[in-house]
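Visitor: Listed here are the chains, written in short residue letters.
Protein chains: 2
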Amino acid sequence: MADTRFDVVGMGNAMVDVIAHADEAFLVAYGLTKGAMTLIDAGRAEELYALMPPAVEVSGGSAGNTMAALASLGGRGAYIGKVNGDQLGQVFRHDIRAAGVAFDVPSARSGSPTGRCLIVVTPDAQRTMQTFLGAGTELEPEDVEPELIAGSQVTYMEGYLWDPPGAKQAFLKSARIAHNAGRKVSISLSDPFCVERHREEFLDLVEHHVDILFANEHEIMSLYRTRTFDEALQHVRSKCEVAALTRSEKGSVVVAGDEVHVIDAEPVAHVVDSTGAGDAYAAGFLYGLTRGMPLAACGRVGGIAAAEVISHVGARPEEPLAELVRRKLG
Amino acid sequence: MADTRFDVVGMGNAMVDVIAHADEAFLVAYGLTKGAMTLIDAGRAEELYALMPPAVEVSGGSAGNTMAALASLGGRGAYIGKVNGDQLGQVFRHDIRAAGVAFDVPSARSGSPTGRCLIVVTPDAQRTMQTFLGAGTELEPEDVEPELIAGSQVTYMEGYLWDPPGAKQAFLKSARIAHNAGRKVSISLSDPFCVERHREEFLDLVEHHVDILFANEHEIMSLYRTRTFDEALQHVRSKCEVAALTRSEKGSVVVAGDEVHVIDAEPVAHVVDSTGAGDAYAAGFLYGLTRGMPLAACGRVGGIAAAEVISHVGARPEEPLAELVRRKLG
Chain A
1 MADTRFDVVG MGNAMVDVIA HADEAFLVAY GLTKGAMTLI DAGRAEELYA LMPPAVEVSG
61 GSAGNTMAAL ASLGGRGAYI GKVNGDQLGQ VFRHDIRAAG VAFDVPSARS GSPTGRCLIV
121 VTPDAQRTMQ TFLGAGTELE PEDVEPELIA GSQVTYMEGY LWDPPGAKQA FLKSARIAHN
181 AGRKVSISLS DPFCVERHRE EFLDLVEHHV DILFANEHEI MSLYRTRTFD EALQHVRSKC
241 EVAALTRSEK GSVVVAGDEV HVIDAEPVAH VVDSTGAGDA YAAGFLYGLT RGMPLAACGR
301 VGGIAAAEVI SHVGARPEEP LAELVRRKLG
Chain B
1 MADTRFDVVG MGNAMVDVIA HADEAFLVAY GLTKGAMTLI DAGRAEELYA LMPPAVEVSG
61 GSAGNTMAAL ASLGGRGAYI GKVNGDQLGQ VFRHDIRAAG VAFDVPSARS GSPTGRCLIV
121 VTPDAQRTMQ TFLGAGTELE PEDVEPELIA GSQVTYMEGY LWDPPGAKQA FLKSARIAHN
181 AGRKVSISLS DPFCVERHRE EFLDLVEHHV DILFANEHEI MSLYRTRTFD EALQHVRSKC
241 EVAALTRSEK GSVVVAGDEV HVIDAEPVAH VVDSTGAGDA YAAGFLYGLT RGMPLAACGR
301 VGGIAAAEVI SHVGARPEEP LAELVRRKLG
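So the sequence lines, in the order shown, correspond to chains A and B.
Quick note on numbering: this note's numbering labels position 44 of the first sequence as 44, and the sequence is numbered without any gaps.
Quick note on numbering: this note's numbering labels position 145 of the second sequence as 145, and the sequence is numbered without any gaps.
Calculated from the structure, these hints are not laboratory results.
It cannot be assumed that every hint is accurate.
[Stated by the list, open to error] Incomplete in silico selection of chain B near chain A, CB under 8 Å: (1) A25; (2) V56; (3) V58; (4) V91; (5) H94; (6) G314.
[Unchecked claim] Non-contacting residues of chain B with respect to chain A, defined by C-beta distances greater than 10 Å in every case (computed): (7) L39; (8) L88; (9) R199.
Computed from a predicted structure; not experimentally measured.
Yeah, the Cβ is synthetic: ideal placement off N, Cα and C, and Gly gets one too.
Chain A on its own, in the form it takes in the complex (with noise of 0.2 Å):
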C-alpha cells in the first residue's frame, strides 16, 4: 500500500546466535532438551558456553531473522527489540542495519549484555537452542512508537515475546494501535515448548488479536492439544483470517476461511542447519501477502526462503532472496 512506510515491523527477542556443531553425545551429557528453545540465566549461558566445541557469532533472534530475510526479498522492514549498547549489541545492529531493515529503539541502559542464543547443531542438522535473553527482557510498551506500528501493513511479533514479563504488554500495546489503524497483527507461535508455557494467552491471542497466524505442525497440535495435524487444522480453520502451518520436509498448509492450499516443500540439496527455517518461511509469506500475490503464491515464497536458509550455517539468508524467487517463480 502506498500510504505506507513499511511492508511489516517485526518484534522480538533480539539476540546474537552463538553456532557450533556437535554430536548427540552432548546434548545427553549436558541434559539439553533437542530441538527446543530453552530459557537459561547468565550463569548456565557462561557453564554451557564453556563446555561447547569452537563457535561461530551471528545475529539472530527469530523476528530479527524474518525481518532480515524480508529485506533480502525487496521488502520494507523495520524491527523493535532491546539489545545492549556491548559489542554483541553492536553485531546485531549492525547486522539488521546492514541487511536493510531500519532499527532505531536505543538501547538498554542497564547493565544487563545483549542476549544470547547458544546453538547446538547435530549431524541430523537439528538445533537445539538455549537462549539467555539478557537485555531483550527490557523491552517495554515506551519502545513502541506509535507511528511506526500505523505505518505498516503488517506488525509482525515472535511467540518468544510471552517469555519476558515486559515485552507482551508492548505488544499487546501495538496491536491495538495497529487495528486501529486498519493494519494487520500476525504473530508466530514460535516453539512447541513455549506454546506449553502460554497456552492460555496464546489461545486468547489467536482468536482475538491476530488476523495472520504462523506455527509449525508441533506448535499448532501443541496449541490444541491434538494428536493429529489435521485436528489442528479444522481447530485453527475458524480463528484467525490466515493461518500458515508449516511442516518441514512436508511443506505448509495455508488455511484462510474456505480456502486450503496445501504447498509441497522447495527440494534442498543438503540440509546444513535448519536454524531460521520458520522465520524464513514467515518473511516469504509475508512478503508475497503485502504485495497481494494470491495465498498459495505467498506458501511457496516462504518455502524459496526457507530452503535457502536451511542450506547453510545460520539463520539468514546468503544469497539475495529476491533473485531466488524471481528464478524460481519465473
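With chain A's structure known, arrange chain B on it following the hints.
Guide: Chain B in isolation, oriented as in the chain A frame:
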C-alpha cells in the same frame, strides 16, 4: 619429543574476524587494497564496519588459526597473544581453548578492546583484510613464560607481530629462550605488505634467528626483491634450515639445504574463502615436522589442511583434520 609439553607454541596478534561478502565495487568504493592486510585505527574500523554488509564473527588471528589447526590435527599446541576481557575477547579465548589449545595469557587491563579484522570476501574467494589491532598491541615480553617456550619443540610466530611496538621484543625473548633450550624457532612472513614494512628486520631475522621459515611466493619475492619465484628460492636456500614456500593452486616448494621438494596442491572442489590457507599450511607442516615425518610428507599435510580451510567461510578447520589426513595419506 617426550620431554616437551607442547609440539608448537604460537605467538600472534589475537583477534576476532568479522567476515562479509561483497563485490569488487565495494573494495574500489572504499579504497581497500585487494588481497592485502591493511592496519587501521579504531575510528576507521568503526567507519568501515558501518559500511559492511551483514557479517559473521569468528575467532581469527594468523597464529591463532595455525594453533587451532594444529590441535585439529592432533598436535599439542599453546598460544601467546593479548585480548581484552570484553565480549570479543571472551569469544577468542573460548574458541581457541575449545579447539584444544592452551591459552593462559591474562587479558589486557587497559581499556583497549579486543582486536578485530574486518574481512571482505570477493566472489573470487579472495580476502581483503582491514585490521584494528586493539588490545593486541599490548603484548609484551612479560607475557612470555620461559617454561612454555622451553617446553615446546617449536616456537612459531606470525610476521604481523612486527607491526605493534612491544610484540617483537616478546618474540626475540622467546627465540632466545627457545634456542638456549635446544628448540626450534619458526616464522611466517604473513603478507607482502608486512614484508615491505619490515624488510630489513625480516632479512636479519631469517638469517640469524629463524630455523623454519614460511612464506608465500609474493612474500618471499618481496623479501629478496626478486622478479621471479625461482630467484627468491635460490636466495633463501642458504639462509635457514627449512623454508616452506606456498604458491596457492601451484602447491608448495620445500627447501632444506640440498633437499628440494615440489609438492602439488591438494585438489579442492570449490574454493569459498581463501582466508587462513597459509595458516593451515603452517599447522600441517609443523605437525608433520614435530612428528619426524619426511619434509615432502610435511608439505603434503600442510596442503591437506589448507584445502579444508579454503573450502568454507572462516579460517579455522570445520572438519577434524586428523581424520582427513588419515584418509588422504592412508
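Visitor: Each hint should be assessed against the structure and marked as holding or not.
Guide: Each hint, compared with the structure:
1. Hint status for A25 of chain B relative to chain A: violated, with the closest Cβ pair at about 15 Å, above 8 Å.
2. Interface restraint check for V56 of chain B: the shortest CB-CB distance to chain A comes to about 5 Å, inside 8 Å, so the restraint holds.
3. Because the beta carbon of V58 of chain B sits about 5 Å from the nearest beta carbon in chain A, less than 8 Å, this interface hint is met.
4. Hint status for V91 of chain B: holds, given a least beta-carbon distance of 6 Å to chain A, under 8 Å.
5. At a threshold of 8 Å, the smallest CB-CB gap from H94 of chain B to chain A is about 6 Å, leaving the interface hint in force.
6. Of the supplied interface hints, the one on G314 of chain B holds, with its beta-carbon coming within about 7 Å of a beta-carbon of chain A, less than 8 Å.
7. Consistency note on L39 of chain B: stated as away from chain A, and its beta-carbon is indeed over 10 Å from all of that chain's, at 20 Å minimum.
8. With a least CB separation of 5 Å from chain A, L88 of chain B falls inside the 10 Å interface cut-off, contrary to its annotation.
9. Residue-level check passed: R199 of chain B sits 35 Å from the nearest beta carbon of chain A, beyond 10 Å.
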